[in-house]
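Residue numbers (the working numbering): 1 to 393.
A couple of the hints might just be wrong.
Across the chosen pairs, the derived CB separations fall in these ranges [to be verified]: (1) 381 <-> 345: 29 to 39 Å; (2) 159 <-> 383: 16 to 26 Å; (3) 38 <-> 153: 37 to 47 Å; (4) 256 <-> 130: 50 to 60 Å.
It is worth saying that the hints were derived from the structure and are not from the lab.
Where a beta carbon is used, it is the ideal one built from N, C-alpha and C, also for glycine.
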Amino acid sequence: MALLDGLRVVEVSLLAPNMLGMHLADLGADVVKVEEPGRGDYTRMVGGAHLGGASMLHVRWNRGKRSIGIDLRQSAGADVFRQLVAVSEVVIEGLRAGALERRGLGYNALAEINPALVFASVSGFGQTGPYRDLATHGVAYDAYAGLAPPERTDDGFPTIPRSYHDIGTKAGALYAAVGVLAAVMRARTTGVGTWLDVAQADAAVAFNAGRVDELLVRAEVPDTRGGMTAAVRYQYYDTADGRTILFQASERHFFERFCRALERDDLLAGDAGAEFGEHARDDLALRRELAAIFAARTQQEWVTFFVAHDIPGAPVNGPSELLDDPQFRARLAPAEAATAAARLLPTPIRTGDTRGATRPAPTLGEHTDVILRELLGYDRTRIAELRAGGAVT
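Throw the hints in and build the complete structure from the sequences for me.
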């Protein structure tokens, strides 16, 4: 039995907010994705990589869901939507702020139908504030939060960092998932619903909390100009096989353990650094010594050495190298499946030795008939009437 068996979710989302429904579906929730007839969620068409004609973003973010095409602009379609909400516990609004409200389907209207409803709005800048209606996606939230400072091209143009990976969109979905589950627990106990307002921009700021909190409380911040590039005992090093290892012996006892395991006590001579957080910043002589040491063994040999001697560090992988990493193969490598769409990364949430199965993303309206029959009790005649009028597809 999956963790969220019995939880029914109605989702109206585009682009990255789809990840909230993905997380819930991964854990067993019945996520009914409501899509615009004809075009559907245009996540199916965006992004560079495609599989079987569908964007990999759609293949991943909409996996495990059921799709129903409903025209919310028609009164008949809006009525179908309200009836779905009446037999569900959660509604996800992954759109611009106020999108469903403008259709007369916002939280207050739906709470009259279902007082225990958990209504989760996931948007760029949230339901309030001067940026509420700013059209944004992707890197916008990390740029706003200070997580994607500009680099410069050789021609002097500012550019999005080459090593940038989006944080706000992913973090926003995770914060929203935590909020949804907490709100469902309360609703099941008290019958009281909740409107959750999660901004992807806020989530990005929260992931930069260490720096932001220092500024908020005017804390004394050490001078770390040069960032981690000047660090020595907390640093990347090349290995004998052309790979890279991360060495993290910034605590003195770990560095002592490392040196003695290698019979290199000479590296401890004159070490007057701090007990904790000692990066030996700008000690180029030590950095050269360590570079020569790490260059003598392969990456996996160093990982084995770190495990055997309890020294902190980790292999440094690119995406393709990660697929061959033994830890990845033991924990996250997808199970064999009949179709490529089903061979996706599973959720990192495990229950004991079990992880959830990954079901493919649906085609537009793939489950319309079965949803209307099973959840709302419609017969063939009623479904045919709605199809003929264009209210559902």
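* Broken hints, by number -> Hint check: 1 and 2 fail, others pass.
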